[in-house]
Amino acid sequence: MSVPAIAVKNLIKKFGDSTVLQGIDLEIAQGQVSCLIGPSGSGKSTLLRCMAFLEEATRGTIAINGEVLGFSENADGMRERVPAAMNRTIRAQIGMVFQQFNLWPHMTALGNVSEALKMVHRLSRKQAEDLALAQLVKVGLEARAGHYPSQLSGGQQQRVAIARALALKPKIMLFDEPTSSLDPELTGEVLNVMRDLAAEGMTMVVVSHEIGFAATVGQQIIFLDHGKVLFTGAPQDVFKKPRNPRLEQFLDTYLDRGASMLL
1016 MSVPAIAVKN LIKKFGDSTV LQGIDLEIAQ GQVSCLIGPS GSGKSTLLRC
1066 MAFLEEATRG TIAINGEVLG FSENADGMRE RVPAAMNRTI RAQIGMVFQQ
1116 FNLWPHMTAL GNVSEALKMV HRLSRKQAED LALAQLVKVG LEARAGHYPS
1166 QLSGGQQQRV AIARALALKP KIMLFDEPTS SLDPELTGEV LNVMRDLAAE
1216 GMTMVVVSHE IGFAATVGQQ IIFLDHGKVL FTGAPQDVFK KPRNPRLEQF
1266 LDTYLDRGAS MLL
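Here the sequence shown stands for residues 1016 to 1278, numbered as in this note's numbering.
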């Protein structure tokens, strides 16, 4: 069997006296689209940030393509920090897209995508801009390459953010509620790009309240509640009736969005 793209073992995350993640165990297979769903405050975004090592877990381990990220842990629970150079190499395999677009306002779409290629990969301006333009083509924004963020819609800005992450050639893409600040029409633009990535076989972990997307594109659904994975499985197993009562209660909040028709 192939090594999982992401393997999380007994992950615990505390903020002060508050335990946000309580012993998370899960695996993300290579090329799999996994959707993290659950109520607000259930720990979804914190788990995603731990996967990207933007947050340090209190206990447990995360392995990216078989390599431990951040901290290793022995059988006695003793933790040892992974060397910084190795951490950088492992983290380079991960691209992340956030709720907020975080684009540089003084740079065009092309500049936003090409800047990291120049700074991180030390490419020449022409090389970086050629690669950046190819990513803007991928997200359908080549005609907007010279536009500044203030001249772009929210959906276009998020697509630029996706192009920026893809330009660094990650093996895994993490999405933290990428459509939460968009209206329904603009949400569709971003979800279509994500569907295309899924069709190409990109390993993706998506935190989203777009239950229809999770049901139709997700290959693995992970339901979190109060920092615990209540259950995980394929959409047809997770969403089939009769459903888990807690999931049924959660999905009731989406009936007015028509998601129930997909499930």
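Worth flagging that the hints you see were computed from the coordinates, not collected in a lab.
The model shown is predicted, which means the values in this text are computed figures rather than measured ones.
One or more hints might be untrue.
[Claimed, not checked] In silico DSSO-like pairs for lysine-lysine, Cα to Cα no more than 30 Å straight-line:
(1) Lys1186 / Lys1153
(2) Lys1256 / Lys1029
(3) Lys1153 / Lys1141
(4) Lys1255 / Lys1029
(5) Lys1153 / Lys1184
(6) Lys1024 / Lys1153
(7) Lys1243 / Lys1256
(8) Lys1133 / Lys1024
[Claimed, not checked] If you anchor each label on the Cβ, the simulated ranges turn out as follows:
(9) Arg1096 / Trp1119: 29 to 39 Å
(10) Gln1115 / Pro1054: 18 to 28 Å
(11) Arg1261 / Trp1119: 38 to 48 Å
(12) Tyr1163 / Arg1096: 16 to 26 Å
(13) Phe1030 / Arg1261: 21 to 31 Å
(14) Gln1251 / His1136: 40 to 50 Å
(15) Met1093 / Asp1040: 12 to 22 Å
(16) Ser1165 / Ala1131: 39 to 49 Å
(17) Asp1040 / Thr1104: 42 to 52 Å
(18) Ala1100 / Ala1149: 42 to 52 Å
(19) Gln1037 / Ala1214: 17 to 27 Å
(20) Ser1139 / Tyr1163: 15 to 25 Å
Here a beta-carbon is modelled for each residue, glycine too, at the ideal position from N, C-alpha and C.
Verification of the hints:
{"no.": "1", "hint": "Lys1186 / Lys1153", "verdict": "16 Å, holds"}
{"no.": "2", "hint": "Lys1256 / Lys1029", "verdict": "35 Å, violated"}
{"no.": "3", "hint": "Lys1153 / Lys1141", "verdict": "18 Å, holds"}
{"no.": "4", "hint": "Lys1255 / Lys1029", "verdict": "33 Å, violated"}
{"no.": "5", "hint": "Lys1153 / Lys1184", "verdict": "13 Å, holds"}
{"no.": "6", "hint": "Lys1024 / Lys1153", "verdict": "35 Å, violated"}
{"no.": "7", "hint": "Lys1243 / Lys1256", "verdict": "22 Å, holds"}
{"no.": "8", "hint": "Lys1133 / Lys1024", "verdict": "36 Å, violated"}
{"no.": "9", "hint": "Arg1096 / Trp1119: 29 to 39 Å", "verdict": "31 Å, holds"}
{"no.": "10", "hint": "Gln1115 / Pro1054: 18 to 28 Å", "verdict": "21 Å, holds"}
{"no.": "11", "hint": "Arg1261 / Trp1119: 38 to 48 Å", "verdict": "42 Å, holds"}
{"no.": "12", "hint": "Tyr1163 / Arg1096: 16 to 26 Å", "verdict": "40 Å, violated"}
{"no.": "13", "hint": "Phe1030 / Arg1261: 21 to 31 Å", "verdict": "24 Å, holds"}
{"no.": "14", "hint": "Gln1251 / His1136: 40 to 50 Å", "verdict": "41 Å, holds"}
{"no.": "15", "hint": "Met1093 / Asp1040: 12 to 22 Å", "verdict": "20 Å, holds"}
{"no.": "16", "hint": "Ser1165 / Ala1131: 39 to 49 Å", "verdict": "21 Å, violated"}
{"no.": "17", "hint": "Asp1040 / Thr1104: 42 to 52 Å", "verdict": "25 Å, violated"}
{"no.": "18", "hint": "Ala1100 / Ala1149: 42 to 52 Å", "verdict": "29 Å, violated"}
{"no.": "19", "hint": "Gln1037 / Ala1214: 17 to 27 Å", "verdict": "35 Å, violated"}
{"no.": "20", "hint": "Ser1139 / Tyr1163: 15 to 25 Å", "verdict": "23 Å, holds"}
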